[in-house]
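Here are the chains, one letter per residue:
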Amino acid sequence: MTTTDTSSLRRRLAALTRTSELPATPEPGQVTLRAVGLTVIRHGGSGPARRVLDRVGFQVAAGEIVALVGPNGAGKSTLLAALAGELTPAEGRVELDGRALTHWTPLDMARRRAVLPQSHTVGFPFTAREVVAMGRAPWARTPRDLDDDRVVEQSLAAADVTHLAHRSFPTLSGGERARVALARVLAQQTSTLLLDEPTAALDLGHQEQVLRLAAARAGEGAAVVVVLHDLGIAAAYADRVAVLEAGRVAADGPPREVLTGELLSRVYQHPVEVFDHPVTGAQLVLPARG
Amino acid sequence: MSGAGTTDRPTLTSAPGTRVRSRTVAAFAVAVLALVVLAAASAAIGQVPTTPAEVAGSVLHRVGLDWGPMPAHPSGDITLWEVRFPRVLLAILVGAALATAGALLQGVFANPLAEPGVIGVSSGAAVGAGAVIVFGGAFVAAWSVAAAAFAGGLATTVLVYTLARANGRTEVVTLVLTGVAINAFAGGLIAFLLFVASPAARDQIVFWQLGSLNGATWDAVGVVAALTVAGVAGAAAVASKLDLLALGESAARHLGVDVEKLRRGVIVLVAVLATAGVAFTGIIMFIGLIVPHVVRMIVGPGHRVLIPLSAVVGAVVLLAADVGARSLVDNADLPLGMLTSLVGGPFFFWLLRRTRARAGGWG
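Just so you know, the sequences run in chain order A and B.
Quick note on this note's numbering: the first sequence kicks off at 1 and runs consecutively.
Quick note on this note's numbering: the second sequence kicks off at 291 and runs consecutively.
Simulated from the structure, these hints should not be mistaken for lab results.
We put the beta carbon where it would ideally sit given N, CA and C, even for glycine.
All clues given are correct.
Derived pair list, reagent style SDA-like, types lysine to any residue, alpha-carbon separation capped at 25 Å: (1) B:Lys-551 x A:Glu-21; (2) B:Lys-551 x A:Thr-88; (3) B:Lys-551 x B:Ser-540; (4) B:Lys-551 x A:Ala-100; (5) B:Lys-551 x A:Ala-90; (6) B:Lys-551 x B:Glu-539; (7) B:Lys-551 x A:Thr-102; (8) B:Lys-551 x A:Val-94; (9) B:Lys-551 x A:Arg-141; (10) B:Lys-551 x A:Thr-121; (11) B:Lys-551 x A:Arg-93; (12) B:Lys-551 x A:Arg-99; (13) B:Lys-551 x A:Pro-23; (14) B:Lys-551 x A:Glu-95; (15) B:Lys-551 x B:Thr-464; (16) B:Lys-551 x A:Leu-22; (17) B:Lys-551 x A:Thr-142; (18) B:Lys-551 x A:His-103; (19) B:Lys-551 x A:Leu-87; (20) B:Lys-551 x A:Pro-89; (21) B:Lys-551 x B:Ala-445; (22) B:Lys-551 x A:Glu-86; (23) B:Lys-551 x B:Arg-455; (24) B:Lys-551 x A:Gly-85; (25) B:Lys-551 x B:Thr-452; (26) B:Lys-551 x A:Trp-104; (27) B:Lys-551 x B:Ala-520; (28) B:Lys-551 x A:Thr-105; (29) B:Lys-551 x A:Pro-106; (30) B:Lys-551 x B:Ala-516; (31) B:Lys-551 x A:Ala-140.
From chain B, some residues computed to sit far from chain A (all C-beta separations above 10 Å): (32) Ala-317; (33) Asp-620; (34) Leu-629.
Could you build all of it, start to finish, from the sequences and the hints given here?
Here it is in structure tokens:
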């Protein structure tokens, strides 16, 4: 047997032991996902290559919700996709639980972070419950798969879709699909959650419910990154807000410090007013009209 | 890691699970029973008269049990073993291979219209096999025909996969149109092969395009059996991952599926199964389309049940079609591919209309 054979064999053995090793729950405040000097370049058809992300630094720690906000095309979803490992950055790197994404197998990553995509399609008429149960796939053949049924039930209940469990996914409305997809992500039980516009298709009540769920997860020690359009919701629920502007982080900090009329008016190129609710004192963000 | 099966784990169903499971068991039982009955009936039909009891008797005597009647006709026993049994087995294997290939393709494209015949994989395999027959002369071994069919099938599957996908998903219209283009091109190649072929090779190719089990040999059965068993086993091993692929490629990846690896594996499996389904029997269309579709309506879309049950039902359907091909017209052996196309064509049309209506247009 040659040296290369042995080393590749050893690497395979290492990969075997690595995937069977289950991730530990991170300590509160421990950074789970970090981007360093992240640059993503998109070569769009005939046009010139565009820097969608330009040396972005970003991190999220266990126990906090970070909202990614910014105008259309600022790079929110691109940043989320890069954090999820969907894009290969031109420069910089993304670390999950202290190691570069390239170190992990897809299965390792699936046990550490869950991703809620923006659109929800399922190719075949699986029931809502079957779709949610797919979130348990990363834990198959580990001791944690004993919890599958209980976790699926809890996730269905948490996303308020228990009554839809036996409906076929393609027959659900947009808002119902979004909530079933959220339940699937919750069922994955990871310590990092990446949610791409989870409130987009939802009515006001369900929007609040989704953010309360995310907050509850953060309270239990999860790190949550959520792309939002509604700045009022971001102000109300996020521990930190990162404002993206043309592929760069324009500001990153607690909502009270970051969400100012001056910054938002510049970033959104529209006058924005930020003030406190006269009764509750909650921070409100509104576009100036008329 | 690529697909150690979790076939026996009831993860995806539990509350309504008992009902679904009993339904699954019933479906399997009915399918297997139908397979046995049809196989006996199919073996009994033909110019040399035999009965299903004699068929069973002949089989039992061969395995050393002295039960049941032997065929009364003087050449009954030899007819059964030299002509009919290879044919029955070939029908079972080819049906299972085609239906499994269809279920795999539909799973990997997350699209119910994918089928080896429709998207051109079968014609690609036929071109490969045809080339060997034409250029290899009369002394071609069964294995080399199969190898060429495999090469053609593999190349075509890769081609369809790369051409029909954009941004990680396959649109219905692109997939079907890609199939049209590939079938047209393969048709051209087959026409060319016909043109340059010797009369004997030409007959063989024509017979093939019609699709038939006529002339099944034990050699062919051996080759097809090896391919089909390997293909169906591989398909069953990747079944649970195909479920996740229904969520879309990136969602499947986020759930821990190595999508690239899965895709490569499925492409090879489809080529193996398409080879099994084409090499000795020609192009039999639509089995891979109809069977998984019907099975999905009965037991739901979960691939862990869908794939093995499709294999059994595919065998049943092709066996039934072959019985029809031999008995619908007296003293004539109708081309099998002709029958399946006459039934499958309209079905495909209906499915197309329905998919379009559901998607609110093409998409």
